[in-house]
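Residue numbers (numbering that gives the first Met the number 0), protein chains in the order written: chain W, 0 to 376; chain G, 0 to 376; chain Z, 0 to 376; chain H, 0 to 376.
Since the hints were made in silico from the structure, they are not lab data. Everything numeric in this text was worked out from a predicted model, so none of it was measured. We put the beta carbon where it would ideally sit given N, CA and C, even for glycine. Just to be clear, a hint being listed does not mean it is correct.
Said to hold, decoys possible - Derived Cβ-Cβ restraints for the label pairs, each shown as a range:
(1) A153(Z) <-> E303(W): 54 to 64 Å
(2) R169(Z) <-> D239(G): 17 to 27 Å
(3) S376(H) <-> G367(W): 11 to 21 Å
(4) E62(H) <-> G50(Z): 47 to 57 Å
(5) T173(H) <-> P304(Z): 57 to 67 Å
(6) G213(W) <-> T173(H): 25 to 35 Å
Unchecked claim - Below, simulated DSS-like cross-link-like pairs (lysine-lysine); rule was C-alpha separation at most 30 Å, straight line:
(7) K285(W) <-> K267(H)
(8) K267(W) <-> K65(Z)
(9) K285(W) <-> K65(H)
(10) K224(W) <-> K41(H)
(11) K176(Z) <-> K267(G)
(12) K43(W) <-> K65(W)
(13) K176(W) <-> K267(H)
(14) K125(H) <-> K267(W)
(15) K285(G) <-> K176(H)
(16) K176(Z) <-> K267(W)
(17) K267(G) <-> K69(H)
(18) K115(H) <-> K224(W)
(19) K285(G) <-> K285(Z)
(20) K267(G) <-> K176(G)
(21) K267(Z) <-> K224(G)
(22) K267(H) <-> K176(H)
(23) K65(Z) <-> K176(Z)
(24) K224(G) <-> K285(G)
(25) K43(G) <-> K69(G)
(26) K224(H) <-> K267(W)
(27) K224(Z) <-> K267(G)
(28) K43(Z) <-> K69(Z)
(29) K285(G) <-> K267(Z)
(30) K41(Z) <-> K285(W)
(31) K69(W) <-> K176(W)
(32) K41(Z) <-> K65(Z)
(33) K69(W) <-> K115(W)
(34) K125(W) <-> K115(W)
(35) K65(Z) <-> K115(Z)
(36) K41(H) <-> K65(H)
(37) K267(Z) <-> K176(G)
(38) K285(H) <-> K176(W)
(39) K285(Z) <-> K176(G)
(40) K285(G) <-> K267(H)
Number of protein chains: 4
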Amino acid sequence: MLRMGMVGGGPGAFIGPVHRMGAELDGEIHLVAGAFSSDPAKSKLAASGYGIAAERAYANYEEMLKSESKRSDPIDFVVIATPNHLHLPIAAAAMDLGFHVVSDKPATATLAEAYKLREAVRRTGKLYALTHTYTGYPLVREARTICRRGDLGAVRKVVVEYSQGWLSDRLEETGHKQAAWRADPAQAGLGGCIGDIGVHAFNLVEFVTGLRIGEIAAALSSVVKGRRLDDDCNVLLRMDNGAPGVLHASQIAAGERNGIRLRVYGEKGGLEWSHDDPNCLRLNWKDAPSQTLYAGSNVNYLSEPTRSAFRVPIGHPEGLIEAFANIYRDFATALRNRQPLSDVVPSIEAGVRGMLFVERAVESSRAGSRWLALAES
Amino acid sequence: MLRMGMVGGGPGAFIGPVHRMGAELDGEIHLVAGAFSSDPAKSKLAASGYGIAAERAYANYEEMLKSESKRSDPIDFVVIATPNHLHLPIAAAAMDLGFHVVSDKPATATLAEAYKLREAVRRTGKLYALTHTYTGYPLVREARTICRRGDLGAVRKVVVEYSQGWLSDRLEETGHKQAAWRADPAQAGLGGCIGDIGVHAFNLVEFVTGLRIGEIAAALSSVVKGRRLDDDCNVLLRMDNGAPGVLHASQIAAGERNGIRLRVYGEKGGLEWSHDDPNCLRLNWKDAPSQTLYAGSNVNYLSEPTRSAFRVPIGHPEGLIEAFANIYRDFATALRNRQPLSDVVPSIEAGVRGMLFVERAVESSRAGSRWLALAES
Amino acid sequence: MLRMGMVGGGPGAFIGPVHRMGAELDGEIHLVAGAFSSDPAKSKLAASGYGIAAERAYANYEEMLKSESKRSDPIDFVVIATPNHLHLPIAAAAMDLGFHVVSDKPATATLAEAYKLREAVRRTGKLYALTHTYTGYPLVREARTICRRGDLGAVRKVVVEYSQGWLSDRLEETGHKQAAWRADPAQAGLGGCIGDIGVHAFNLVEFVTGLRIGEIAAALSSVVKGRRLDDDCNVLLRMDNGAPGVLHASQIAAGERNGIRLRVYGEKGGLEWSHDDPNCLRLNWKDAPSQTLYAGSNVNYLSEPTRSAFRVPIGHPEGLIEAFANIYRDFATALRNRQPLSDVVPSIEAGVRGMLFVERAVESSRAGSRWLALAES
Amino acid sequence: MLRMGMVGGGPGAFIGPVHRMGAELDGEIHLVAGAFSSDPAKSKLAASGYGIAAERAYANYEEMLKSESKRSDPIDFVVIATPNHLHLPIAAAAMDLGFHVVSDKPATATLAEAYKLREAVRRTGKLYALTHTYTGYPLVREARTICRRGDLGAVRKVVVEYSQGWLSDRLEETGHKQAAWRADPAQAGLGGCIGDIGVHAFNLVEFVTGLRIGEIAAALSSVVKGRRLDDDCNVLLRMDNGAPGVLHASQIAAGERNGIRLRVYGEKGGLEWSHDDPNCLRLNWKDAPSQTLYAGSNVNYLSEPTRSAFRVPIGHPEGLIEAFANIYRDFATALRNRQPLSDVVPSIEAGVRGMLFVERAVESSRAGSRWLALAES
């Protein structure tokens, strides 16, 4: 059993509890400690809700890392579920004290921080996983396999979108915790929508296609009056193989739920995966009937790694928590076997790419949607 | 933290691990003991996989119940994930020794056994929950609320189906554990498809509508040659308010996955829920646009109990494991608060109804699809 | 150019104008005469709306047939778009005077009439086509090809449904012409819902599978109070190869639109066609990805006759009028080439089968859902 | 009965026959003359197929216009179904001789031509309709009504796409008539994909929202090697009210059929219409269940003009031909009543807007996706 300590995830949190459920689902990881809130009382309250001993409910991450370092049964790794600006300091401190890290996305608040974090990962040799959750869906991984195996031929076009409507109003003014930090540059970093969900869409493209997005031309907007960060992004893409593409994301698409959807077109056909129906994958062919692949542990036509990422047979849906659990399972396997992480788990390299995207998108948008290369300077 | 002991769920099992994941998801229940297999070595192996101390890996349920009774930290309840013929003896023995019970469906192998089990529940006063999983889906519960609140007007027609294709061949001859016991009358009881999935469809109708199915006329078939139990069922229904209906279920519907789907029509409109997309609920109205209700903890238009049955907000799918978890959560709440079970959790009464359905269906089918009342004799 | 005369289709008619549009769509047939209403003024009004010379707007079908017989440019055939009780007299009179016939379904109002009509068809040798419209959808024809070619293996189960909600209230009391005659046994015949739409569902099964429905056990209801004919039907099927099945149809399924949907399961997989999306056909396989076939004149993977039944390429929807047009096109081809009708066009044999179904269903329902053979006595 | 003459639509044509079927569907218009091909023999052949007298099968449009002008029963209007470069000369000549015009899109091959055509329309006062077919779908018109009525609040974001895969290979080299002229700048004009289908997407946005697209930044690609015109376009939009948007269109999206889809988001909710299912319209709301509106002549919740644009009741699909027919019906009404065209029919103003879009898109793309205003210079 691996022991996990969490930073963030206190009262009112959305993603912390999901990390906990995902991490523990397969019975290999147990949440045993946490600095759940900057308010010590709230941290204790949260700990109690998680069934954690009061002594391991810490007031802040520094205290957690220090205390856990001294225990005979210390945590094995830290999961970071805080606003973005804390990702780097927590991750770096944890790794420096010998803890592995699972971090929520984006990797950091700024590109400069991402470079520093990459340096810390390299220096310490610790495992670092970035929870781009959608990569945990087995059929996204199957899409990656199909695409990289060349079933579609060379990639010719990419369309990716991520549409939400929950920030259609100034929720950040109402005491809504999730909205508040996302709308605050001091906590979220340079990007609003682009950093919160655009970066997921970006990652999904590179994850599935195996190509890099070479250049972008972006238009970011703050549609809701008074909002300081962007809440809508539309980005032209040029893949490094020359293929065109488009990425659009919005948090003011009123009535939308959480619609992330990827389409990749190659010479022979295209694939489509949508979070609206994450347990199926569509393949459309130039001269043959369309195909739908379904999820399930017993589905012979899926590749083996995909099949073993399911817990239940065909026709029994798995969802977001199970997607998290797949990332945690791979993390646990590496940790237990003292191996590098599987390359289906987003690493700090993906984290750097994401921040490169966010910063260049902001820069491009400010420069009249000028085309900018996604190359490290 | 409540302690759970499992019977069944050993190597090769499908549903045992799902019970474990569902039970533990919300952090209130922990699997600590089990008689996972009739082969003691296999039981120990399974226990180890579940992270359970070897001493609590029992060779059989009698031993588990006896040993646990003597511990200072005994299990609080038993979950039964065995073939049907063991449901009654295990449940009765457990309750007699003071343990509460969660049982997989159907309640028992025969109607007579169901009556005995009901007697045991009444006698011991223990909690008994029957995992008709589909009732754990929040939008099925919302459908129940909508229907019973009268939004549709009086119910006029019901259509329910459950289509699978996995028994299109004689899988039971190939060493496939799941198929083998389901095809064996000694373990499954009188019903094949009707007892395995037909009973889910039956339960769903009574659960959602609040009506009872008054009479049925059934045609059961063993389509695959050499199969002893039915693998396909088609049943005419008459609700106790006179409304007509139809129920069809199949395990030889080649190419089908796990398609359980309910439609209820009332005077004003109809509702539709399908396991293909369990996170939405369709309402069609006589003179107004159709509506789709979506799942999510933050969806204001859903009733409160439904909303609080979600772990994540709109657009983030939950699936089968979460449906199990909802039943376990209600079970844990009752247990912790020493209250009766919530009436959204299927009880032994639902279990008796189900077995009444199975036996009458078999009887009707043998009698040329004669109409039979679903009344206790 | 072939000349068509219509009986029925006057003011307030639904299906008459659709026949006209379908017949004329491909430019081979022209509506030139009609007895559109039993009210001569209304017949003239309708004729004017259709752009027909006043002299060819007849007061009744007898007059039309007589007058047209004497013209140098007579109609080539008659289309019958009247209530059911007039189908036989009009068709028989037309054929006796040498006119071919296209008739709306069901063939007649009673089985006895269907036998008489078959006799008239045989006696006169005239072409007779029955517009079971759904057989005009190209992908229904493709389903037939696939099924009869054995792609699915032997048929093992059939599920067919036809759900409407438009008769949820007593529309027949409100002056609604379509509802009025359908609810009147004197005009509709023995069957309400079963004769109006159940018969479509029945036909679809035999059309696609190439099997006959051997026996049925039916439960018909008049759900809306005071209605004399059935408005809801649920029927158990046994195909003549022994395969089980179910057919359900309703006109009181409030909120439903016009949902006719067929599923056929064979040894290797199943097919599904639904009127909700008539331009695609789903194939689900036991051990391979599901397939979706799309409509279009340029779709190479469809069989040639199917492809040539489209007017537009893939992705451009065709609908009900085009389905009618396909039947008319085949009719025109036969007429022009003095050939028998293509066997994809429902004939009087299909008409007799349909009426056999209607009468046996009513009889079975009255006899406690007794199983009855669909054999001619 | 109105008389129509066609230019184009000869052997191998796709859209000419669709115009014919759409125009004639409601029985008000009849195709009586045509210059169907530049090859006189082919023109006669086509005429014969259309049932047109040989004398009215002309060798070219000049001859048709001249001859028809002299007849006592001349055509009332000309429909232009030729490659783009002929749109202006034919339309201008026709109007100068007193004929009204229905033209396929885009209005012309270049923006300069569009200005000239507008001048001709103004000068002659003739009716001119541009068949942006998708505006003929009743639910697109309903979307327009909903949007302009303010149901969604102020528009905040627009997403429109049009994906096809039929030009994934160099079909234009294979003798495929449709592909050949579209790939030839001399016939198609400046735009490939952008002019062929991008312009439909553009029109759909302005048609439905009532807003103008103020500025664009475009990236056009010729993905298939050797192709001279663009076959893929991705365009950032800024509406004249400041709302951001994105338009993407492709003819090399292998496996795609004919996917035009519009999403408009306002302050209160969003609407979505997709050609994949043209008979329904989705409305998603910020705080209420989603709604689906269905097509049908008897659907009370639709606005009256929309309802009367259907020929059949709910649940009976209408498609592309019926969408054309709706435009022709409005055209016929105006012509018959000597009124201006309804403003739901795209006019030369829409044509000019479309060409402005095409030319600016090409220009922007060449200038590194520079933002350009869609203003007439």
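Evaluated hints:
| no. | hint | result |
| --- | --- | --- |
| 1 | A153(Z) <-> E303(W): 54 to 64 Å | 33 Å, violated |
| 2 | R169(Z) <-> D239(G): 17 to 27 Å | 24 Å, holds |
| 3 | S376(H) <-> G367(W): 11 to 21 Å | 20 Å, holds |
| 4 | E62(H) <-> G50(Z): 47 to 57 Å | 29 Å, violated |
| 5 | T173(H) <-> P304(Z): 57 to 67 Å | 25 Å, violated |
| 6 | G213(W) <-> T173(H): 25 to 35 Å | 32 Å, holds |
| 7 | K285(W) <-> K267(H) | 39 Å, violated |
| 8 | K267(W) <-> K65(Z) | 62 Å, violated |
| 9 | K285(W) <-> K65(H) | 46 Å, violated |
| 10 | K224(W) <-> K41(H) | 62 Å, violated |
| 11 | K176(Z) <-> K267(G) | 23 Å, holds |
| 12 | K43(W) <-> K65(W) | 18 Å, holds |
| 13 | K176(W) <-> K267(H) | 23 Å, holds |
| 14 | K125(H) <-> K267(W) | 47 Å, violated |
| 15 | K285(G) <-> K176(H) | 48 Å, violated |
| 16 | K176(Z) <-> K267(W) | 53 Å, violated |
| 17 | K267(G) <-> K69(H) | 62 Å, violated |
| 18 | K115(H) <-> K224(W) | 42 Å, violated |
| 19 | K285(G) <-> K285(Z) | 38 Å, violated |
| 20 | K267(G) <-> K176(G) | 46 Å, violated |
| 21 | K267(Z) <-> K224(G) | 15 Å, holds |
| 22 | K267(H) <-> K176(H) | 46 Å, violated |
| 23 | K65(Z) <-> K176(Z) | 28 Å, holds |
| 24 | K224(G) <-> K285(G) | 45 Å, violated |
| 25 | K43(G) <-> K69(G) | 20 Å, holds |
| 26 | K224(H) <-> K267(W) | 15 Å, holds |
| 27 | K224(Z) <-> K267(G) | 15 Å, holds |
| 28 | K43(Z) <-> K69(Z) | 20 Å, holds |
| 29 | K285(G) <-> K267(Z) | 40 Å, violated |
| 30 | K41(Z) <-> K285(W) | 53 Å, violated |
| 31 | K69(W) <-> K176(W) | 33 Å, violated |
| 32 | K41(Z) <-> K65(Z) | 20 Å, holds |
| 33 | K69(W) <-> K115(W) | 27 Å, holds |
| 34 | K125(W) <-> K115(W) | 14 Å, holds |
| 35 | K65(Z) <-> K115(Z) | 22 Å, holds |
| 36 | K41(H) <-> K65(H) | 20 Å, holds |
| 37 | K267(Z) <-> K176(G) | 23 Å, holds |
| 38 | K285(H) <-> K176(W) | 19 Å, holds |
| 39 | K285(Z) <-> K176(G) | 19 Å, holds |
| 40 | K285(G) <-> K267(H) | 25 Å, holds |
This entry does not satisfy hints 1, 4, 5, 7, 8, 9, 10, 14, 15, 16, 17, 18, 19, 20, 22, 24, 29, 30 and 31, going by the numbered hints stated previously.
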